[in-house]
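> Given these sequences and hints, build the entire structure.
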Amino acid sequence: MKLKWTDVHAIGEMLYDRFPDLDPLSIRFTDLMKWVMEIPQFDDDPDRCGEKVLEAIQMAWLSEWKADNA
Numbered sequence: 190m191k192l193k194w195t196d197v198h199a200i201g202e203m204l205y206d207r208f209p210d211l212d213p214l215s216i217r218f219t220d221l222m223k224w225v226m227e228i229p230q231f232d233d234d235p236d237r238c239g240e241k242v243l244e245a246i247q248m249a250w251l252s253e254w255k256a257d258n259a
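Using the working numbering, read the sequence shown as starting at 190 and increasing by one per residue.
It is possible that some hints are incorrect.
[Unchecked claim] What follows is a set of in silico ranges between Cβ atoms, one per label pair, in the way DEER data are often shown:
hint: 1; residue 1: Glu-240; residue 2: Asp-206; range: 22 to 28 Å
hint: 2; residue 1: Asp-257; residue 2: Asp-233; range: 25 to 31 Å
hint: 3; residue 1: Ala-256; residue 2: Asp-234; range: 28 to 34 Å
hint: 4; residue 1: Leu-251; residue 2: Lys-193; range: 18 to 24 Å
hint: 5; residue 1: Glu-202; residue 2: Gly-239; range: 17 to 23 Å
[Unchecked claim] Only pairs whose alpha carbons sit at most 20 Å apart, straight line, appear in this in silico SDA-like list of lysine to any residue:
hint: 6; residue 1: Lys-241; residue 2: Glu-202
hint: 7; residue 1: Lys-241; residue 2: Thr-195
hint: 8; residue 1: Lys-193; residue 2: Tyr-205
hint: 9; residue 1: Lys-223; residue 2: Lys-241
hint: 10; residue 1: Lys-241; residue 2: Leu-192
hint: 11; residue 1: Lys-191; residue 2: Leu-221
hint: 12; residue 1: Lys-223; residue 2: Arg-237
hint: 13; residue 1: Lys-193; residue 2: Met-226
By construction, these hints were calculated from the structure, which means they are not laboratory data.
Quantities reported herein were computed from a predicted structural model and do not represent experimental measurements.
The beta carbon of each residue, even a glycine, is placed where N, CA and C say it ideally should be.
Encoded structure:
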């Protein structure tokens, strides 16, 4: 399965699995974009990414993180 920028929930889950101890609100969007593009299943144009997409990914990741750190 190839992931696109619109697959925010799947990407958020994968980032949580990769960085379980990292608070998603503490990262920079430049790092977030880089980490998304490093996901082996990810295959989308970096130019299609914007602040709204990164915020949505960050919120999906935060949801996973909060579920395990409540």
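> With reference to the structure, classify each hint as holding or not holding.
Here is how each hint holds up against the structure:
1. Distance hint check for Glu-240 and Asp-206: the Cβ-Cβ separation is about 24 Å, which falls inside the suggested range of 22 to 28 Å.
2. For the hinted restraint 25 to 31 Å between Asp-257 and Asp-233, the CB-CB distance of approximately 27 Å keeps it satisfied.
3. Range check, Ala-256 to Asp-234: Cβ separation about 31 Å, and the 28 to 34 Å hint holds.
4. In this structure, Leu-251 and Lys-193 meet the distance hint of 18 to 24 Å, their C-beta atoms being roughly 20 Å apart.
5. The hint said 17 to 23 Å for the Cβ distance between Glu-202 and Gly-239, and at roughly 21 Å that hint holds.
6. Annotation: proposed proximity of Lys-241 to Glu-202 holds, straight-line Cα distance about 18 Å (limit 20 Å).
7. For the hint linking Lys-241 to Thr-195, the alpha-carbon distance of about 11 Å falls within 20 Å, and the restraint holds.
8. For the given pair, Lys-193 sits about 17 Å from Tyr-205 by alpha-carbon distance, which is consistent with the 20 Å threshold.
9. Our distance criterion of 20 Å between C-alpha atoms is met by Lys-223 and Lys-241, whose separation comes to about 16 Å.
10. A hinted pair counts as satisfied when its Cα atoms are at most 20 Å apart, and Lys-241 with Leu-192 qualifies at roughly 17 Å.
11. With a C-alpha separation of about 18 Å, the suggested pair Lys-191 and Leu-221 falls inside the 20 Å cut-off, and the hint holds.
12. Proposed proximity of Lys-223 and Arg-237 is supported: the alpha carbons are some 14 Å apart, at most 20 Å.
13. Straight-line distance between C-alpha atoms of Lys-193 and Met-226 comes to about 10 Å, which keeps the hinted pair within the 20 Å bound.
The structure meets every hint from the earlier list without exception.
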